[in-house]
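Protein chains in written order, with the numbering used here: chain B, 10 to 391; chain F, 10 to 391; chain V, 10 to 391; chain X, 10 to 391.
Note that these hints are calculated values from the structure, not bench results.
Among these hints, one or two may not hold up.
When chains are identical, the list treats them as one kind, so a pair holds in a single copy or across two.
[Unchecked claim] Taking lysine-lysine and the DSS-like style, the derived pairs with C-alpha atoms no more than 30 Å apart in a straight line are:
no., residue 1, residue 2
1, 189, 15
2, 15, 188
3, 228, 158
4, 228, 159
5, 228, 63
6, 12, 189
7, 63, 354
8, 354, 104
9, 15, 104
There are 4 protein chains.
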Amino acid sequence: MAKGMKCALIGQAFMGKAHSNAYRQVSRFFDLPLQPEMHKIAARDGAALEPFAKAQGWAGWTTDWRSLADDPEVGMVDVSTPNHLHREMSLAMLKAGKHVACEKPLASTLEEAREMRDAARKAKASKTFVWFNYRRAPAIALAWQMLRKKRLGQIYHVRASYLQSWGMASTPMGWRFKKKHAGSGAHGDLNAHIVDLARFLLQEEIVEVHGAVARTFVKQRTWAETGKQARCDVDDAVLFLGSFAGGATASFEATRLAPGHLNDNTIEINGELGSLRWNLENLNELWLHEESERPGESGWRRISATDGANHPYADAWWPGGHIIGYEHTFTNQLADMMRVLARKKPIMPVADFADAYETQRVLEAALVSARERCAVPLSEIR
Amino acid sequence: MAKGMKCALIGQAFMGKAHSNAYRQVSRFFDLPLQPEMHKIAARDGAALEPFAKAQGWAGWTTDWRSLADDPEVGMVDVSTPNHLHREMSLAMLKAGKHVACEKPLASTLEEAREMRDAARKAKASKTFVWFNYRRAPAIALAWQMLRKKRLGQIYHVRASYLQSWGMASTPMGWRFKKKHAGSGAHGDLNAHIVDLARFLLQEEIVEVHGAVARTFVKQRTWAETGKQARCDVDDAVLFLGSFAGGATASFEATRLAPGHLNDNTIEINGELGSLRWNLENLNELWLHEESERPGESGWRRISATDGANHPYADAWWPGGHIIGYEHTFTNQLADMMRVLARKKPIMPVADFADAYETQRVLEAALVSARERCAVPLSEIR
Amino acid sequence: MAKGMKCALIGQAFMGKAHSNAYRQVSRFFDLPLQPEMHKIAARDGAALEPFAKAQGWAGWTTDWRSLADDPEVGMVDVSTPNHLHREMSLAMLKAGKHVACEKPLASTLEEAREMRDAARKAKASKTFVWFNYRRAPAIALAWQMLRKKRLGQIYHVRASYLQSWGMASTPMGWRFKKKHAGSGAHGDLNAHIVDLARFLLQEEIVEVHGAVARTFVKQRTWAETGKQARCDVDDAVLFLGSFAGGATASFEATRLAPGHLNDNTIEINGELGSLRWNLENLNELWLHEESERPGESGWRRISATDGANHPYADAWWPGGHIIGYEHTFTNQLADMMRVLARKKPIMPVADFADAYETQRVLEAALVSARERCAVPLSEIR
Amino acid sequence: MAKGMKCALIGQAFMGKAHSNAYRQVSRFFDLPLQPEMHKIAARDGAALEPFAKAQGWAGWTTDWRSLADDPEVGMVDVSTPNHLHREMSLAMLKAGKHVACEKPLASTLEEAREMRDAARKAKASKTFVWFNYRRAPAIALAWQMLRKKRLGQIYHVRASYLQSWGMASTPMGWRFKKKHAGSGAHGDLNAHIVDLARFLLQEEIVEVHGAVARTFVKQRTWAETGKQARCDVDDAVLFLGSFAGGATASFEATRLAPGHLNDNTIEINGELGSLRWNLENLNELWLHEESERPGESGWRRISATDGANHPYADAWWPGGHIIGYEHTFTNQLADMMRVLARKKPIMPVADFADAYETQRVLEAALVSARERCAVPLSEIR
C-alpha cells in the first residue's frame, strides 16, 4: 500500500474548501505512490474552524498556524491565505523543513516573491509548489503536449484574457480591494493565472513588456458590515502587451468589470501550423485549428478532453463525454505534487517558487510599464 | 422619380467589384432621394477594364483617371485604389469640385491624411466619404443605437481585434506587403477598421496610446510571377493599447497570421450595465448581455439583426432570419451617402475625411508608441 | 459573347424580389454560357407591378400571365406564385414549349405534382427546374461533394428540422394559413426544403415513413385588413420519421412556432466515418467531424465555405472569410439552370419536376401516416 | 449534529464509482438533516471488491448482496447493477424493509417495472428512488422552476435527443449489447433519461406515441477476451414521436452511433412565450429565449447556472462561473434523497418507482409502435 504524507492546510475560505476537497478526493481517483493525509487545518476564525475542519475531513485543527512548523508529523504545509501572508508563512515552513504548497500569486510584491524563491533555493530538502491549478485542466495539458511536439510550429501570437464581472460598483468592500491584503487587484489575481498559463504552454519566457494600462474604475466601496465607504487602492483591470523569447507577441487583460464574463479565462495561441484555444468556463474543451487539413476543410475543431485513453488526467475520472468541474484541477495538481514528492514524474510540470517568481517578474514589468513609461497622448499627434 | 447622380469609380480589383455591386444594387433595395448612376470606371489595366466594366454594369470606362476630373457629368468619384494613390486622386477630384468617396485607410501616412482632410475642408461644395463599411452591418448599427441611448452605462472596456490568416509564409509577395504601395500592413488595412468601429460605437475619441508592438514575422516573400524573393517592409501584426476620453481601456490587434481566422473582425464593449459583442464572420448577429435581467437569468443573448421592423437597414433586404452577406455593407453605405448628398439624414453617420483623419491619428500614435517609447525588458526586473 | 435567353417571372412578392435579384446579378458574378435576360414580369397587382418591375430591372410587365405563353421571345418562365397556382401555370408554359422554373413545393397536392411531372416528361424540348435553392449554399454543395465521395461511409442517421417562429398566435391571418392557397402549412413550406436537402445530400431515396404527427396549435387568426377571425386549416407543425434505402433513419420537423428560431433549417448526418452539420442561419459554415483524426483529437470542425479555390460557387463571390447572404443561393441556382439550358454540367444537380415529385411523395407519405395509421395511446400500455 | 443512515451499494463498475463519490462527498457540501454513511458495498467480483471498497471509502464489503437484506443496520440499499438485476434486488430489499435507490432504467421490461412499482406501493415504510440524475443539474433544475411558473406559456414542442458514439462497429461485444442483460440498447439506456427529463420538465404526461423506428446497425460484435463473434440483439438507435397531455409534440432520439457526440443529451422546449435549451456536455449552461424582450432584442441567452444565490444546488458548490462536473448530479440527487428520508422537502422532486414506471410505459409504447404499427412504404404513394 502507498505510503502517506501528513499534510496541513492554512486557510478556510473558498480556497480552503477547494484544497480540502483535493486532499480528500485525490486518492479515490488516482493511484498514487504517496498519499496525502488530512492531518491538520489552521485558520484564524476559531468558531468557524472546527465545523469546517470536520465537514471537510481534517483530523485536527488549530488557530495557531505557527504550531504547524513545530509539528514533526507534518510533511507538507499548504498556504491558502490572502496574498500578503504568503511570504511569512512559507518562509516559516521552509525553515522548519516542510514542503510548501502556496496559493498564487506567489506574493504581494516582487521583493517578497524574491525572498520566497531564495528561501526555497536554500531549503534543499523541501519541495515548493504554487497552485497554478489551470495548468491541469486536461484540455490545457493536452495543449501543452501538442506544443511540446511543436505541433503549431513557430508561434506568432498569444492572446490571453481573464474576464470577470463580480467587481461592479455594487459589490461591497472586501480584502480583495485593499492593497495591504491583496497586493494588487485583478493583476495579481487574474493576470497571474494567464501569465503562468502562457509561459507554461509556450514553454519559453516573456522577454519584454511593450506597454500597459491599469485602471481603478470604482474608487470607493462600502463595507457591508459597517456601511462605511472606503477607498479601493488596487486595480480593477490591467492590460499589457509583451513579447516571448521566440518572437511571439502576447496580450494580457485582466478585469473584474466585464459583464457577461463570470470566470472567463481564455487563451489562444496562433502559430505557423495552426492554432489552439481554451476557456475556463468550458474547461473540458480544447479548440484546435490545423492548417494541414485537406484543402478547403480546415477549421476550428472542438476536442472534448475527457477521454481517458488519450487525454492527460482524464483516465482518473469518467468515461469520455462526462465533464469534470472546476475543483478537479486542484485534485489533478495534488496528484502531481504527490508524485513529485515521491520522486516520480508528474503528468505535467508543477510550478515551484522559482517558476512562480518568473511569473511575478512579468507582472512587475507590466506595473513598471504602466507607471513609468510614457504613453503617447493623442494631443501630440497632429 | 428620384434624381440621379453620375458616379465614377477608380479601381477594378476586389474593392472595385464590391463597390460596383453597391452602385448596381442600391436603388433596387433602397428608396433613395438621389440615385447613383454607373457612369464610368477608370483603371490602369486596359485589357481587363472593358470586360470588367461591362460585366459590372458601368456605362463607360477609361484608363485615364484624371479625365474624370474634367468630365462635367461626374458628380462623385469613388477612389478604390491602393492606399498610396488615395491622396493624389482625392485631391484632384476635390479640386475639380467632385464629391469623393475614398477607400480606407484614408492615406498611407498621417501627412497625406492631413492634406486630404484640409483639402476636404476647403472644398466646401464637396462632400467626402470614407468606406468604413462595417459601420453599416445592421448588427453594428443596432449596437450604435443602443450605445447612443447609453444602454451600457459607463464604458469600461473595448476589446477589438481583426484576425486574418492569408499572410502565412507561403503567401507570395504582392503590393500589400510593400510600404511604398500599402503604407502599412495589417495596421492600415485592419486596425483602421477596428479603430473606426470603436470610435464610431463609443461615439467618443481615443486620447492616449499606452503601448504598442509591431511585428513582421515573414521577412521575405517570393513574387509569384518571377520567382524572385523580395523583402516585406510592412507589419504582419500590430497590437496596441489605448484609452478613450471617458476612461475606457481599449485594446486593438491586427494580424494576418492567425490560422483559423479568415476575416475575424471582433469587437466587444463592456460597460456598467452590460456588454455588446460582434464579429464579421457572423455579421448578422449581435450579442448582448444586460445586467438588468431577473436575478440568475442574465446571459449573452444572440440577436439576429435581420428584422426589418426593428433593425437598421434590414427592411431593405429580406424577412427576419434571412442573412445578408459581406457586400451588403457597401450597399448600405452607398444608400447613406446618397442620402447625405441629397441633404437627408443617413441611417448611420458616414465617416468623412475629417473623421477618418482622427482614426489615422490613432494609428499614427500606435506607430509612434511602437517605435519611440521604451519597452520594459524583463532583464531590468530582478 | 455569351448568348442570352429571355426570361419571364410570374410573381412579385418576397420570392419575386429574390428571383429578380438572381436574374440581375448572375451574369455579373458568373461566367455563363447562356445569359438570362430580364424580359418580362407578370403579376396580378397592376398598380404595384410597374414600379416593382422597374426597380427590379425587368424590361416589360403584364398582368396577364397567360400572355407569356404566347410571347415567342420568352425562353423560360419562372413560376413564383403561391402553391395552388403552380400546376396551372407550369402546365400552360410547358404546353407552349417554354422551359419552366417553379418555386417549391412543386404543388399543393400529390395529384397536381404528378400531373406536373407527367407534363414535364412529355414536353421533351423543355427543361424543368424547381427552386430548392438551399442545395446551392456553398457549404451544402461541399457536403454533397464529400458524401459523393463516401467520406462518411455508411450513413446511420439524418436529422433535419426547419424551425421558424413567425406563426405565433399574434400573427394575423394570411394566405399561408389557408389550405386553398397554400396546400399545407409548415409541411409544404418547410419540410419540402429539408426532405429535398436530405435526399439531395444522401443521394438516395426515402423508402418508408414510420410515423408522423401534424398539429395546428393556433386555430383562428385575424385578418389584419378586416379584423375578422378566420379558421386556420393548415398545419403549424409536422414531424415525421423515415428510413432511407440504405438503412439510415431520418427525422424531419417543420414548425412555425419555435421561438428563438427565425429561419433555422438545420441538417445533420451521422455515418460510419464521421458527421456533417449545417444550418441556414449561418449558411456559410459547414461543420465536419471525422473519426479518422489522431486519437484524442477528433472533434466538430467549423469550415467556412467561402474559399473560391476549394468551395463550390465561392469563386464567383468574395475572398475567403467574406460571407454571402440568403439571396446568393438563388443566384447560384440560376447559374446552374443556365448551364443546364446550355447543355453544360451544372456545379450541383438541379431538381427538376421528376425529382421534386419524389420529395412530394415523401411529404404525402407523412400526411398519410399522420392521418391513417394508428398511434399508440399510452392508455393501452399498462 | 445530523443523524446518519447506513447505506449499502450493490455494484462496483462505472455507476458504483459515481455513486460512491456521491455518498462520500454529499455531507461535505450540503447541510443535510440526515447523513448517509458508507456502510457496505456488495459486488460479484471479490478480487476487485476490497481495493475498490477501500479506495472509495466503504466501511465493509461483501460478495453476497442478499446479506444486505439481513443486515439490520442498513437503512437504504442502492441498486447500481445491470438492468436485468434491478427487479430481483429491489424486491428483496423492499421486502426486508429497506429504502431502495435504483439505477435507471427501472427495469428491463415493463412487466418487471410494474412488479417493482407494485412492490414499492406495498412497502409503505420504504421510500424508493430512481437515479435520474440529470434532473439535478442546476441548469435543468432552473428550467424546471421556470416551467413551474409557466414562464414559457403553452408548450408547443419538446425536442430531445441523446446522442453518443461509443457503439461504432469497432466497439467489442459487451453486456450492453445483449438483451438478456441490458433489456434494450440505446432505448433503455438513453431514451429513459430524456423521456424522464421531458416528463420532469413539462410536469405532465405523454399520452400518445405516433410512430417509432428502432435499428441495430451493427449486427455482430467480437468479444475482446475470446475473439469470438456474437450477435447484438439490442437496438443501436430508437427514434419516436409523441404527444404530451397538453398538446405539445415531442420527439425523442437515442443512438450510440452518432460520431461527434460523446454524451450529447440535448433537450429543447418551445412555448408560447419563449424557449429553453440544455445539453449535458455543457451541463452548467441553460439557454433561454424570451419573446418578451424589447422589440428587435430577443435572442437565445446563455445562463451560467453556477450562481449560489439564484440557482438550485449551486450554493453547495463554488462561486459563480466555476463549473461543476458530471458526478455532481449524483451528489445533488443524494442530497435530495436524504432530505426525503428525513421528511424534508427536496430541492427538486425525486423520481420514485411509480414515477419511473411512467417513463417505462412511454418506452414500451415506443417499442409497440416500432413493432406493431404499420409504417407507410413509399411504394404505396404513387
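Structure-based check of all given hints:
With identical chains, the CA atoms of residue 189 and residue 15 are never at most 30 Å apart, being 32 Å at best within one copy and 49 Å at best between copies. In this assembly of identical chains, the alpha carbons of residue 15 and residue 188 never lie at most 30 Å apart, being 34 Å within a copy and 49 Å across copies at closest. In this assembly of identical chains, the alpha carbons of residue 228 and residue 158 lie at most 30 Å apart only when taken from different copies (25 Å versus 47 Å within one copy). For the identical chains of this complex, residue 228 and residue 159 are inter-copy neighbours only, at 21 Å across copies versus 45 Å inside a copy, given an alpha-carbon limit of 30 Å.
Taking the shortest Cα distances, residue 228 and residue 63 never come within 30 Å of each other, neither inside one copy (40 Å) nor across copies (54 Å). Proximity of residue 12 and residue 189 under a CA criterion of 30 Å is satisfied in neither setting, with 41 Å inside one chain copy and 44 Å between copies. Proximity of residue 63 and residue 354 under a CA criterion of 30 Å is satisfied inter-copy only: 26 Å between copies versus 33 Å inside one chain copy. When the C-alpha separation of residue 354 and residue 104 is checked against a cutoff of 30 Å, the pair qualifies only within one copy, where the shortest distance is 26 Å, while the shortest distance between copies is 52 Å.
For a Cα distance limit of 30 Å, the shortest separation of residue 15 from residue 104 inside one copy, 18 Å, qualifies, whereas the shortest one across copies, 45 Å, does not.
Comparing the model with each earlier hint shows violations of hints 1, 2, 5 and 6; every other hint is respected.
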